[in-house]
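Peer 1: If you want the building blocks of each chain, they are given just below.
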Amino acid sequence: MKICKLLTVLIVILIIGSVLSAAGAKEKQAESKDVTLTIYARAYTFAQDAPWVQAKAELQRRHPDINFNFIEEGFGWADMRTKFLTASAGGSPPDVMMTDIIWLGEFVDNGLLTDLSDRVAKWSEWNDVVPAYRDATYWNGKVYGTWINTDVRVLVWNKDMFRAAGLDPNRPPQDWDELKSMAARLTKAPQQYGFGFPATLEDESVMKFFINLYSIGGQILTDDNKQAAFNSPEGVEALEALIDLVKAGSTPTSIVSGKASDIDNGVFQGKFAMASMTKAYGLAKDLIPGLTVDSYLNRFGVAPIPRAPNGVPSTMAGGYLLSVPSGSKQKDLAWELITIAAGADLQFEYTAARGYVPTFTSLMARGTDYAEVDPYFSVILDQLPSATFRPAIPEWTEISAEIQNAVQACVLGRYTPAQALQIAEAAVNKILAQ
Amino acid sequence: MHPLAPRRRGCSLLEQVSAMKFKLQKQQKETVRGYLFVLPVVALLFFFSFYPLLRTVYLSFFKVNLASINRMSFIGWKNYESLFTRPTPAFFSQILTATFLYVFGSVAGQIGFGFIVAYLLQQKFIKGREIFRALIILPWVVSGIIIAISWRFMYEPRLGVLNYVLTLLGAQSLPTWLNDERLVMACLIVANIWHGMAFSFIIQTSGLHSISEDIIEAAMVDGASAFQRLTLITLPLMRPFLVLNLILTSMATVNSFDLIYAMTNGGPLFRTEVISVHMYHRAFDFGHLGEGSAVATIILLLNLVLTIFYMRINRGQEQGGEL
Numbered sequence: 001m002k003i004c005k006l007l008t009v010l011i012v013i014l015i016i017g018s019v020l021s022a023a024g025a026k027e028k029q030a031e032s033k034d035v036t037l038t039i040y041a042r043a044y045t046f047a048q049d050a051p052w053v054q055a056k057a058e059l060q061r062r063h064p065d066i067n068f069n070f071i072e073e074g075f076g077w078a079d080m081r082t083k084f085l086t087a088s089a090g091g092s093p094p095d096v097m098m099t100d101i102i103w104l105g106e107f108v109d110n111g112l113l114t115d116l117s118d119r120v121a122k123w124s125e126w127n128d129v130v131p132a133y134r135d136a137t138y139w140n141g142k143v144y145g146t147w148i149n150t151d152v153r154v155l156v157w158n159k160d161m162f163r164a165a166g167l168d169p170n171r172p173p174q175d176w177d178e179l180k181s182m183a184a185r186l187t188k189a190p191q192q193y194g195f196g197f198p199a200t201l202e203d204e205s206v207m208k209f210f211i212n213l214y215s216i217g218g219q220i221l222t223d224d225n226k227q228a229a230f231n232s233p234e235g236v237e238a239l240e241a242l243i244d245l246v247k248a249g250s251t252p253t254s255i256v257s258g259k260a261s262d263i264d265n266g267v268f269q270g271k272f273a274m275a276s277m278t279k280a281y282g283l284a285k286d287l288i289p290g291l292t293v294d295s296y297l298n299r300f301g302v303a304p305i306p307r308a309p310n311g312v313p314s315t316m317a318g319g320y321l322l323s324v325p326s327g328s329k330q331k332d333l334a335w336e337l338i339t340i341a342a343g344a345d346l347q348f349e350y351t352a353a354r355g356y357v358p359t360f361t362s363l364m365a366r367g368t369d370y371a372e373v374d375p376y377f378s379v380i381l382d383q384l385p386s387a388t389f390r391p392a393i394p395e396w397t398e399i400s401a402e403i404q405n406a407v408q409a410c411v412l413g414r415y416t417p418a419q420a421l422q423i424a425e426a427a428v429n430k431i432l433a434q
Numbered sequence: 001m002h003p004l005a006p007r008r009r010g011c012s013l014l015e016q017v018s019a020m021k022f023k024l025q026k027q028q029k030e031t032v033r034g035y036l037f038v039l040p041v042v043a044l045l046f047f048f049s050f051y052p053l054l055r056t057v058y059l060s061f062f063k064v065n066l067a068s069i070n071r072m073s074f075i076g077w078k079n080y081e082s083l084f085t086r087p088t089p090a091f092f093s094q095i096l097t098a099t100f101l102y103v104f105g106s107v108a109g110q111i112g113f114g115f116i117v118a119y120l121l122q123q124k125f126i127k128g129r130e131i132f133r134a135l136i137i138l139p140w141v142v143s144g145i146i147i148a149i150s151w152r153f154m155y156e157p158r159l160g161v162l163n164y165v166l167t168l169l170g171a172q173s174l175p176t177w178l179n180d181e182r183l184v185m186a187c188l189i190v191a192n193i194w195h196g197m198a199f200s201f202i203i204q205t206s207g208l209h210s211i212s213e214d215i216i217e218a219a220m221v222d223g224a225s226a227f228q229r230l231t232l233i234t235l236p237l238m239r240p241f242l243v244l245n246l247i248l249t250s251m252a253t254v255n256s257f258d259l260i261y262a263m264t265n266g267g268p269l270f271r272t273e274v275i276s277v278h279m280y281h282r283a284f285d286f287g288h289l290g291e292g293s294a295v296a297t298i299i300l301l302l303n304l305v306l307t308i309f310y311m312r313i314n315r316g317q318e319q320g321g322e323l
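Chains as they are written, first to last, in my numbering: chain C, 1 to 434; chain D, 1 to 323.
For the record, the hints were derived by calculation from the structure and aren't laboratory data.
Take the hints with a grain of salt, since some may be wrong.
Examples of chain D residues toward chain C, derived with CB under 8 Å [said to hold, decoys possible]:
| no. | residue |
| --- | --- |
| 1 | S68 |
| 2 | T176 |
| 3 | L178 |
| 4 | L269 |
In the PhoX-like style, the derived pairs of lysine-lysine whose C-alpha atoms are separated by at most 20 Å in a straight line are [unchecked claim]:
| no. | chain 1 | residue 1 | chain 2 | residue 2 |
| --- | --- | --- | --- | --- |
| 5 | D | K26 | C | K5 |
| 6 | C | K33 | C | K56 |
| 7 | C | K83 | C | K329 |
| 8 | C | K331 | C | K142 |
| 9 | C | K33 | C | K329 |
| 10 | C | K122 | C | K142 |
| 11 | D | K78 | C | K430 |
| 12 | C | K33 | C | K331 |
| 13 | D | K63 | C | K430 |
| 14 | C | K329 | C | K56 |
| 15 | D | K29 | C | K5 |
| 16 | C | K83 | C | K259 |
Even glycine gets a Cβ: it sits at the ideal position worked out from N, Cα and C.
Next comes chain C alone, as it looks inside the complex (with noise of 0.2 Å):
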């Protein structure tokens, strides 16, 4: 009897004690300005000062009545992906979101971004945006979100590894023969490689093969998205080109496991001699301390990637937008951060600093200023008109993990390009028919 009063008084007590705190917190966020901002991004954009650090303090400057609590989440690329929809499922997404550019149908056609079109119109840099970034930011006619970087990919050597092996240090390969041929001449399995590219279970395995495809006049849907168009001679002819290289031991299989980052990592590390990637100067200053922009200039090259014999130059281009989650509570406060942190001044910084392509017209026009951070800026910058966008439809996830799986199966010998390419494509007809 006694202690069941003594519980009852003591629930009451704790309900009671609940109510009121409540109170008292929701009375004390009316009083002050406490104000939390959260942003998801990759993880390296918090590696330097641009764009975050400086653009949390403008916003700060700007606003001095409201006390900010900037909430930074970095992830890797799929992470982060799957990190905004489980967010935003259970109703707590971020406030900015650095939206990859083929998850922008999917998000948009979800109603996980918000319409951006009139704060982009009153936004004094929207007019510098290279016109074609401006249009790529359109879904179904509006805009959501603006470019924190773009990107293209280009082919990185190691110089220290060319000269070992006798060739010319500052002459890379033009075409897929003098690739094959280079490549193994440059090999010394198993301490390394002449060539790398990934075959793990990621978007970015089926990069080098899209290269290809379009350097080789193919496509990888049809015009209208809804059929694919991959398995085709060209498709057979781009893939066969890669898994050549697997054949002639030039790239090993164990290309199949570990992670994407692992390539790029390894043509600075001295495991593979060429491969394709973006960001190389970023990637290069991470894993070299101390790197110099002389010491970069005379251990590794960038140039185009080489094109299939009597075809077009290629590559592959992305990027992210900054975009405000439908979800966000701070929508304006969100919007002001991210026209601080992807305005023209943050942008040249950061992409300077990582190895990435501008995508104002203004910063387009400072490649001297570029160059004297990135020494290979120009070449970047040369490849945009041979760059293809991958479809961003929200099915694309699914239909790369089938491509992948082609990659992945021809690498280990289970399928010929051809039978690959055409079990790929059966499933990604079904896939875009649901």
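Knowing the structure of chain C, use the given hints to seat chain D on it.
Peer 2: For chain D alone, coordinates are given in the frame of chain C:
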């Protein structure tokens, strides 16, 4: 006079009824108090275990995408149909096969090695057994992700310690371990055995401690060899512990995710895509929450089968008087 005190002869019916009523009320109060004490735990179990479980089964009958979780449409068994009819990865020939191989290999290894090590450390000639026990338990307390990354380094074809040792031994052709479809599952099983053996070791050690020394001594006096003592006395007496170990380890391995995801992500070519990894891929990588829930429901059924199996064996032991 106390209400429960024995009545003298001649006590009125009213008094007897009052006494019975009082006794009932007291019992009821005891019952209510008991329920109040277990209420918080039951509430926690309901909200954090039963409700999510029921919700998952419910979602498995809907088409629902992670990116649009509020838009659900009832599709009946279609998620299960997609699961069972998808050509790659094929559910029965690839996913269930990988799961079975992984579970069978891991459980056999963990229990087998756990017992062997526990038995050896019971021997009187072993010195410093506390240090050995601490070393054996160490892998168990380390996060699965750390274990996975460590083993990935060890299996690395170019720089890994395994191939380095093989090179020192003069091997000409070095295996590629995680990249080899024929070896990758064995590599995972070895890593999982190393990670989880300590749990089996602890259970088996308890079992070995429960066997009376007198029985062993009596057997020795009767002339039983070491092998006979092991097979005819120790193992039969260890049976309840072995069965418990079997069931708990099997259930834990069926649900195992982090080690495989971090080491191979189900590859290469779905060779290690066990059912838990497949659930993650469908639900989170591709956003098909309904399909992922269907896979989760199948995992639940697998665990239920194991639970029923354990309960039957346990009941059999009780009826046989083995406990």
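Peer 1: A separate judgement is required for each hint: does it hold in the structure or not?
Peer 2: Comparing the hints with the structure gives:
{"no.": "1", "hint": "S68", "result": "holds, 4 Å"}
{"no.": "2", "hint": "T176", "result": "holds, 6 Å"}
{"no.": "3", "hint": "L178", "result": "holds, 5 Å"}
{"no.": "4", "hint": "L269", "result": "holds, 6 Å"}
{"no.": "5", "hint": "D/K26 to C/K5", "result": "holds, 15 Å"}
{"no.": "6", "hint": "C/K33 to C/K56", "result": "holds, 16 Å"}
{"no.": "7", "hint": "C/K83 to C/K329", "result": "holds, 18 Å"}
{"no.": "8", "hint": "C/K331 to C/K142", "result": "holds, 17 Å"}
{"no.": "9", "hint": "C/K33 to C/K329", "result": "holds, 14 Å"}
{"no.": "10", "hint": "C/K122 to C/K142", "result": "holds, 14 Å"}
{"no.": "11", "hint": "D/K78 to C/K430", "result": "holds, 15 Å"}
{"no.": "12", "hint": "C/K33 to C/K331", "result": "holds, 16 Å"}
{"no.": "13", "hint": "D/K63 to C/K430", "result": "holds, 17 Å"}
{"no.": "14", "hint": "C/K329 to C/K56", "result": "holds, 18 Å"}
{"no.": "15", "hint": "D/K29 to C/K5", "result": "holds, 12 Å"}
{"no.": "16", "hint": "C/K83 to C/K259", "result": "holds, 19 Å"}
Consistency note: the structure conflicts with none of the earlier hints.
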